[in-house]
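Work from the hints to combine the two standalone chains into their complex.
As you go down the protein sequences, you meet chains A and B in turn.
For the first sequence, position 369 matches number 369 in my numbering, and the numbering has no gaps at all.
One rule links them: number in my numbering = place in the second sequence (from 1) + 1000.
Don't take every hint at face value.
As the list claims (entries may be wrong) - Capping the alpha-carbon separation at 20 Å, the derived lysine to aspartate or glutamate pairs in DMTMM-like fashion look like this: (1) K172(A) / D34(A); (2) K1046(B) / E139(A); (3) K36(A) / E327(A); (4) K1046(B) / E1117(B); (5) K146(A) / E1043(B); (6) K146(A) / D1100(B); (7) K146(A) / D1032(B); (8) K1046(B) / E191(A); (9) K253(A) / D34(A); (10) K372(A) / E1117(B); (11) K406(A) / D386(A); (12) K1046(B) / E1026(B); (13) K146(A) / E191(A); (14) K36(A) / E249(A); (15) K36(A) / E401(A); (16) K140(A) / D1100(B); (17) K372(A) / D90(A); (18) K406(A) / D30(A); (19) K282(A) / E327(A); (20) K172(A) / D90(A); (21) K140(A) / D1032(B).
Hints were generated in silico from the structure; no laboratory data involved.
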Amino acid sequence: MTGRGTRTIRVDTLARVEGEGSLYIKLVGDRVADVKLKIYEPPRFFEAFLRGRHFSEAPDITARICGICPVAYQMSAVHAIERALGVRIDPAVRLLRRLFYCGEWIESHTLHVYMLHAPDFLGYQDAIAMARDHRAVVEKALRLKKTGNRIVQLLGGREIHPISAAVGGFYKTPTRQQLRDLVDDLQWALEASLETVRWTAGLQFPNFEQDYEFVALRHADEYPFNEGRLVSNRGLDIDAAEYEDHFVELQVKHSNALHSVVRGRGSYLVGPLARFNLNFDKLPEVARQAALDAGLRPPVKNIFRSIVVRAVELVFACAEALRAIREYEPPAAPRAEAPNRIGVGQAITEAPRGILYHRYALDENGLIVTAKIVPPTSQNQKRIEDDLREYAAQLVAWPIEEATWKCEQEVRSYDPCISCATHFLRVVVEREDARG
Amino acid sequence: MLIIGCGNRERGDDGAGILVAERLRELGIEADTRSGQAVDLIEAWKSADDVIVVDAVVTGAPVGTVTAWDGRPPLASVSTTTSTHGLGVAEAIELAHVLDRLPTRLRVYGVEGGRFEPGAGVSPEVLRAVEEVVRRIIADVRALHHDRPNPHNVLLGVGRSSLL
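Extracted from the complex, chain B is given alone in its bound form (with noise of 0.2 Å):
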């Protein structure tokens, strides 16, 4: 499975994305980040199966609310995610769409944001909600490890020890 994280640190809830990544990474799975731009996320799932793609949206709810998509297909209401970076994940699902390269299996999840300036510093509402895109991150990990048993993976329980 691949997880990545979109967004950028240094501008507010924009971050949230970066966030739910380096916080897998603390507890042993890996997880990437990138800035969002579509191109380079259709690059970055091009040979993986089962895809996660955690990035800040704006879709009018309370901050800190966590929407989850299933990427497949693509689904309009997702194009409300914030787009510091251009063609974002949205865009990025479409495209991907068009040209047959969407993954097996794509899972989105939005954490609604508030502010994006530079230097705003990440909402309370949106720390919490990484902490629970975190747990139901780890959470689909299981699931799918469950479906195709992986005795190598033993990382995966120091996630599921130390957060639930």
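Just chain A, same shape as in the assembly (with noise of 0.2 Å):
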């Protein structure tokens, strides 16, 4: 229906987003007239929880606050402390963590892309409605998610919460044939996701592409996880340590989340699109091809080609796992001495839905004074809603309920991952009369 009449988009829970949020527009007309991406954030637990613990408690801590993206917590806690005590990681410990990443972003890139995602592009209410025709599809998802529960396990130590990180490498590192053991499970799992790419570009997308800051960390020589300096396509340039020089984090009324925006600017991009159009050139020869055959060159600016940028990520990080098993010898020690001191240290990794940023500063017993922690989908939040105004815009002539539908995919596209910024996440739209 079109008109004068005020609609209102309303989604009291979002599906298929990790937690729970709420989604609220107005439509006045043919006018959006608001938006509002409500997130209930607790207090920041976890950063007053972490005061007056030992720095090595933080990475078992932190990777509670997430059940999808546990390692990216203890890789930026990780980091973090190191840089803040100067200690310096074994080679092999940092080839070992970058394995320990490929685990978690094949983990949750899989249930993104096909569980969470691919339901909104074939018109099924739920990836168990999608089960029930694409059975196969589901099958090769569960399969690819295991490869990266496998790794996860080893490393980590265990099924949920990895114990084994620490400050300054592993509490215990595998063996070479232990790694050997997962080379056919990634055999398979790299060509099942060639595979993803090719069945995720044949999807149909909305048109809708946006002018985006995109941020991401970039490396001298590999496609991002844990190192390198944060840049974006306006001229960003920085350590980890400037981050709060150019990121700032506003209170806003109708959330208790905060929202990030770059400081004189508003809000950026971080997850799978920013990574991709950053590092295009960092990615190993079969993703990049991989890509190019999907029809994707960067910059992409449509935020629901992520399904498509996703699978190009998944054959990265099943390469790159099979590159880190080929070249791994195991450290002389498992992890680094790290003595108490003072000092603060930041780092910034890239979790699967983007740039996971810390700071800790720690007294000379090595206890926590201050710790913050910024996740990526609360600086992705602000840039939802600038979209959300946008693509709301296209939808008033649309029924509302295939509008608010429509709304819920374009925030599933972000992948938010409501249960790391927040608990509870309730979305709702709502239209009013504007006559008169």
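Laid out in structure tokens, this is it:
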């Protein structure tokens, strides 16, 4: 329906996002009057919880923030603390950490591409309905995810909330044979990921391009996980230690979560699209070629195409895992010494959903004086609202149910991990009469 | 029998399933802990015949209420399990049903939770419910072993004497 009426798109509980969240969009006539992505962020419990704890506890504590990306939290924590302490890690440990991250990317991207995002494109309410008609697709997803699980379990030491990552390295490092045992699965996963790129490239995407500021790590030699400068397509090029000089978190009335913006510019985008656009030249040949064959060339400005970019990153993660396994020689010691020292350290690593910033200040006994954690979903939150302001405007003529569904899809393109940033997210859309 | 406790200990009552699993382990009964992601659950119970899953739920019942469901066939009412882990237990059961990956027997214990914020702590009612679920699972295990005696399983006696 069109005309002067006011309508509301309201999603009380966003489906298929991690955690819960809510979205409220108000349409007045053919104008988008208001967009609020409401996130009820609890007090920054974990930052407070970390204060007074010894730094060695931080990897374990922060891993509990998110069931989907515990490795990301551990990696940002250990790197930030190592910088505070001036600890240098063994190259073999560095390689293992990349492998560890590959496992998490495979798990997380598989979950999102197949189970959370694909149903949007194929017209299903959820993965269960999709599985009835596309059983082989879902079976493939289960096997792919299991491959990622195997890596995380081996390096993390257990199924959930990995415990083996430590400041300076790992509590226990694997043997070469243990890693070689993963090779067959990973070779299958690499092929399956290439199929995933082709499959996702064939989906239909809404015509919705935005002029994003893409923000991601960039490393001289490799597609980024744990190291690199933080760069953007608008000239940003900083060390992690400068993050808080360039990004600020603003309080917003409608949400307890903080909105992160680039100082002086506004919202920005982190995650697969940003990484891909800023690091296309660093992808291994197999992933770069898969992207080109799928018609992807940077800059990709359509957030809905994130599903294809995630598939390309699946190819990367499998190829990178195989490389790490080929090159691995166990380190002389599983972890470097990390003596107590006063210091401040910041680190940024690339969680599956985008950059994850940690800062720790330590006292002379190694106790945490302050901790700051900025998860990727907090950073994308303002960008999601900005997108919806544009996207909802394209949908004013649509029946409200369909417009609501399309807006939910847009939010899901970001793979928001609301359980990182918050717990409950409920979504609401409203239409108001604008006559008179 | 495979016993799986699901949830996140750092999010208040969402830790109910994990607490049940840990309590069972203290009593010498093997129990697995999982975040509760559907895909992982399906993988975890792949080769098991008898499975018990414990998770926090929100059904509107008083906090601490214990509800037990037969997971075969999937019940719509189970879809009220909390979802700090995306596709959760209810979805795992439904998806496993579609993919013919349900275990032969599947029992789900839901513990009604009241608070799920990080650091909220576990409600006293939920702590009591955890003990109730532990007792009921021990009874389930004993019934199973009564049906199919296993003379090697002496650990169950420990659970019985300390709890019953």
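Checklist line | Ascending list of hint numbers which this structure does not respect | finding: Hints 1, 3, 4, 8, 12, 17 and 21 are the ones this structure does not satisfy, whereas the remaining hints hold.
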